[in-house]
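With chain A fixed as given, assemble chain B onto it according to the hints.
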Amino acid sequence: MYHPYLHSSPLVAALEVGKHLDWQLGPFVVHGETMLTTWMVMGILIGGMFLASRKLQRVPSGGQGFLEYAYDFVSGIARDQIGPKDYKKWLPLTGTIFLFVFISNWLGQLPLKLIHLPEGEMASPTNNINTTVALALVVSAAYLYAGIKKKGLSYFKYYVEPFPLILPLKVLEDFIRPLSLSFRLFGNILAEELTLGVLILLVPLFVPLPMMLLFLFTGAIQALIFSTLAAAYIGEAIHEEHEEH
Amino acid sequence: MNLAWPILLGEGGSYGLNFDIFKLNLINFVIVLAFLIYAGKGFLGKVLGERKAQIVEEIRTAEEAKAAAEKELAEAKRNLAQAQQEAQQVLARGQENAQQIRAKILADTEKEAVRLQESALKDIDGERQRVVNQLRAKLVADSLAMAEQQLPSQLTEDTQRRLLDQSINLLG
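In the order they appear, the protein sequences are chains A and B.
Under our numbering, the first residue of the first sequence is numbered 2, with each subsequent residue one higher.
Under our numbering, the first residue of the second sequence is numbered 11, with each subsequent residue one higher.
For reference, chain A alone in the conformation it holds in the complex (with noise of 0.2 Å):
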């Protein structure tokens, strides 16, 4: 969808929706400006890590420090959700899940639009329902690998239990976990964009701003909410709830 009202040639700025970089890879059609800023982010991810992880020391300074309390930050989420014992073998995906979704969401606050592209323009990836679906997806099979790993066949009582009449809502809950994680962030994400968009259409300067630093507050947010989903969900799937009975 293409909004001409919003994009007239007298206006200093003008915006764009729906508008997609398509890129053909073999058989598939991708969107080019996501891909190209999810490789940034991949970059920021891994360039930062590799420089602050070169010299370790023992007592940790600049960006060695700042890892460590980031790490501290993502332990401390997967082990409230999923458990002190088994919190370190998922730790990789949560910890992963929150790094990336932290730093795309804050990545579309960067004038992207520098670089021009022939359609479409550059903004957060975690702004296009391919990659949070992508993301929503491998939550889900990695709770559910998770549970049947843990507890073998006997991972699917939990969808009899307490009663068995449940079971519609639990198949049902499988299905809306990875709609609402996907759709939650997608949403947020691409109506702080477009806010900041219509915003920055109407008023160029300084009133954005106060928009712009929630937005920073809310990718937060959004991270934080998708990877503790993603740890809970974990942690709930391999939960031994037969134990306590």
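Derived by calculation from the structure, the hints in this document are not laboratory data.
A hint or two may mislead.
[Claimed, not checked] 25 Å max Cα-Cα, derived DMTMM-like pairs, lysine to aspartate or glutamate:
{"id": "1", "chain 1": "A", "residue 1": "Lys158", "chain 2": "A", "residue 2": "Glu174"}
{"id": "2", "chain 1": "A", "residue 1": "Lys90", "chain 2": "A", "residue 2": "Glu241"}
{"id": "3", "chain 1": "B", "residue 1": "Lys62", "chain 2": "B", "residue 2": "Glu74"}
{"id": "4", "chain 1": "B", "residue 1": "Lys114", "chain 2": "B", "residue 2": "Glu137"}
{"id": "5", "chain 1": "A", "residue 1": "Lys151", "chain 2": "A", "residue 2": "Asp175"}
{"id": "6", "chain 1": "B", "residue 1": "Lys132", "chain 2": "B", "residue 2": "Glu122"}
{"id": "7", "chain 1": "B", "residue 1": "Lys81", "chain 2": "B", "residue 2": "Glu96"}
{"id": "8", "chain 1": "B", "residue 1": "Lys62", "chain 2": "A", "residue 2": "Glu69"}
{"id": "9", "chain 1": "A", "residue 1": "Lys152", "chain 2": "A", "residue 2": "Glu237"}
{"id": "10", "chain 1": "A", "residue 1": "Lys86", "chain 2": "A", "residue 2": "Glu237"}
{"id": "11", "chain 1": "A", "residue 1": "Lys20", "chain 2": "B", "residue 2": "Asp152"}
{"id": "12", "chain 1": "B", "residue 1": "Lys62", "chain 2": "A", "residue 2": "Asp73"}
{"id": "13", "chain 1": "A", "residue 1": "Lys89", "chain 2": "B", "residue 2": "Glu68"}
{"id": "14", "chain 1": "B", "residue 1": "Lys51", "chain 2": "A", "residue 2": "Asp73"}
{"id": "15", "chain 1": "A", "residue 1": "Lys151", "chain 2": "A", "residue 2": "Glu162"}
{"id": "16", "chain 1": "A", "residue 1": "Lys152", "chain 2": "A", "residue 2": "Glu241"}
{"id": "17", "chain 1": "A", "residue 1": "Lys151", "chain 2": "A", "residue 2": "Glu69"}
{"id": "18", "chain 1": "A", "residue 1": "Lys89", "chain 2": "A", "residue 2": "Asp73"}
{"id": "19", "chain 1": "A", "residue 1": "Lys56", "chain 2": "B", "residue 2": "Glu67"}
{"id": "20", "chain 1": "B", "residue 1": "Lys56", "chain 2": "B", "residue 2": "Glu68"}
{"id": "21", "chain 1": "A", "residue 1": "Lys89", "chain 2": "A", "residue 2": "Glu237"}
{"id": "22", "chain 1": "B", "residue 1": "Lys56", "chain 2": "A", "residue 2": "Asp73"}
{"id": "23", "chain 1": "B", "residue 1": "Lys51", "chain 2": "A", "residue 2": "Glu69"}
{"id": "24", "chain 1": "A", "residue 1": "Lys56", "chain 2": "B", "residue 2": "Glu128"}
{"id": "25", "chain 1": "A", "residue 1": "Lys86", "chain 2": "A", "residue 2": "Glu69"}
{"id": "26", "chain 1": "A", "residue 1": "Lys56", "chain 2": "A", "residue 2": "Asp73"}
{"id": "27", "chain 1": "A", "residue 1": "Lys56", "chain 2": "B", "residue 2": "Glu73"}
{"id": "28", "chain 1": "A", "residue 1": "Lys56", "chain 2": "A", "residue 2": "Glu69"}
{"id": "29", "chain 1": "B", "residue 1": "Lys62", "chain 2": "A", "residue 2": "Asp81"}
{"id": "30", "chain 1": "A", "residue 1": "Lys114", "chain 2": "B", "residue 2": "Asp30"}
{"id": "31", "chain 1": "A", "residue 1": "Lys171", "chain 2": "A", "residue 2": "Asp81"}
{"id": "32", "chain 1": "B", "residue 1": "Lys56", "chain 2": "A", "residue 2": "Glu69"}
{"id": "33", "chain 1": "A", "residue 1": "Lys150", "chain 2": "A", "residue 2": "Glu162"}
{"id": "34", "chain 1": "A", "residue 1": "Lys56", "chain 2": "B", "residue 2": "Glu122"}
{"id": "35", "chain 1": "B", "residue 1": "Lys56", "chain 2": "B", "residue 2": "Glu67"}
Since the structure is predicted, the reported quantities are computational estimates derived from the model, not experimental observations.
Okay, now just chain B, sitting in the frame of chain A:
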């Protein structure tokens, strides 16, 4: 990337840079960035500084504990060596005592054996003496009895006279 590159170049060439400050929202961005750096530096600096101080403190505590433990280990090792030495001494003293006692007991036993042997010999001698005396007495008694028995039948007048003569001759 190899797949994407030709398409990237082939699609009309409107890739490029965009320096429109207003479209970039550059002014607001710089302000937000400055604010972030200003606020984040203080906050992060404080948090990371506290964390670093805590780590330094923990390392110091651990090192002190290590040093104390090492000192205790050395002390315990010294005590152990001392105890072993003492044990050696006790053992040596015990062996010495045992040797002395053994020698003493051996000597005592030997003395006792000699004494027992002597007393046994004495006993045997005494017994033999007694038996000899008994036999002697019995022999004398028997001889006397036999003599008394035979005397009346053999002591005729002739014999008596000859004996008397003999005795007188002997006295003579």
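Now the hints, each set against the structure:
1. A/Lys158 x A/Glu174: 15 Å, holds
2. A/Lys90 x A/Glu241: 16 Å, holds
3. B/Lys62 x B/Glu74: At roughly 18 Å apart (the allowed maximum being 25 Å), B/Glu74 and B/Lys62 satisfy the hint.
4. B/Lys114 x B/Glu137: Violated - the C-alpha atoms of B/Glu137 and B/Lys114 are around 34 Å apart, more than 25 Å.
5. A/Lys151 x A/Asp175: 18 Å, holds
6. B/Lys132 x B/Glu122: Between B/Lys132 and B/Glu122 the Cα gap is close to 15 Å, so the pair holds against 25 Å.
7. B/Lys81 x B/Glu96: Answer holds: B/Lys81 to B/Glu96 is near 22 Å, not above 25 Å.
8. B/Lys62 x A/Glu69: The given pair, whose Cα atoms are some 10 Å apart, holds under the 25 Å limit.
9. A/Lys152 x A/Glu237: Given pair A/Lys152, A/Glu237 holds - Cα atoms ~12 Å apart, limit 25 Å.
10. A/Lys86 x A/Glu237: Holds, at about 13 Å.
11. A/Lys20 x B/Asp152: 163 Å, violated
12. B/Lys62 x A/Asp73: 13 Å, holds
13. A/Lys89 x B/Glu68: Given pair A/Lys89, B/Glu68 holds - Cα atoms ~23 Å apart, limit 25 Å.
14. B/Lys51 x A/Asp73: 19 Å, holds
15. A/Lys151 x A/Glu162: 18 Å, holds
16. A/Lys152 x A/Glu241: 8 Å, holds
17. A/Lys151 x A/Glu69: The given pair, whose Cα atoms are some 29 Å apart, is violated under the 25 Å limit.
18. A/Lys89 x A/Asp73: Given that 25 Å is the threshold and the Cα spacing comes to 12 Å, the pair holds.
19. A/Lys56 x B/Glu67: Judged against 25 Å, a Cα distance of about 21 Å means the pair holds.
20. B/Lys56 x B/Glu68: The given pair, whose Cα atoms are some 18 Å apart, holds under the 25 Å limit.
21. A/Lys89 x A/Glu237: OK: A/Lys89 and A/Glu237 at ~15 Å, within 25 Å.
22. B/Lys56 x A/Asp73: 16 Å, holds
23. B/Lys51 x A/Glu69: 17 Å, holds
24. A/Lys56 x B/Glu128: 98 Å, violated
25. A/Lys86 x A/Glu69: 21 Å, holds
26. A/Lys56 x A/Asp73: 19 Å, holds
27. A/Lys56 x B/Glu73: Within the cut-off at roughly 23 Å; holds.
28. A/Lys56 x A/Glu69: Distance of about 13 Å is within 25 Å: holds.
29. B/Lys62 x A/Asp81: This hinted pair holds, its Cα atoms lying about 24 Å apart.
30. A/Lys114 x B/Asp30: 9 Å, holds
31. A/Lys171 x A/Asp81: Distance ~24 Å between A/Lys171 and A/Asp81 Cα, so the pair holds.
32. B/Lys56 x A/Glu69: 15 Å, holds
33. A/Lys150 x A/Glu162: 19 Å, holds
34. A/Lys56 x B/Glu122: Violated: A/Lys56 and B/Glu122 sit about 89 Å apart, past 25 Å.
35. B/Lys56 x B/Glu67: Cα-Cα ~16 Å, so holds.
The structure shown violates the earlier hints numbered 4, 11, 17, 24 and 34.
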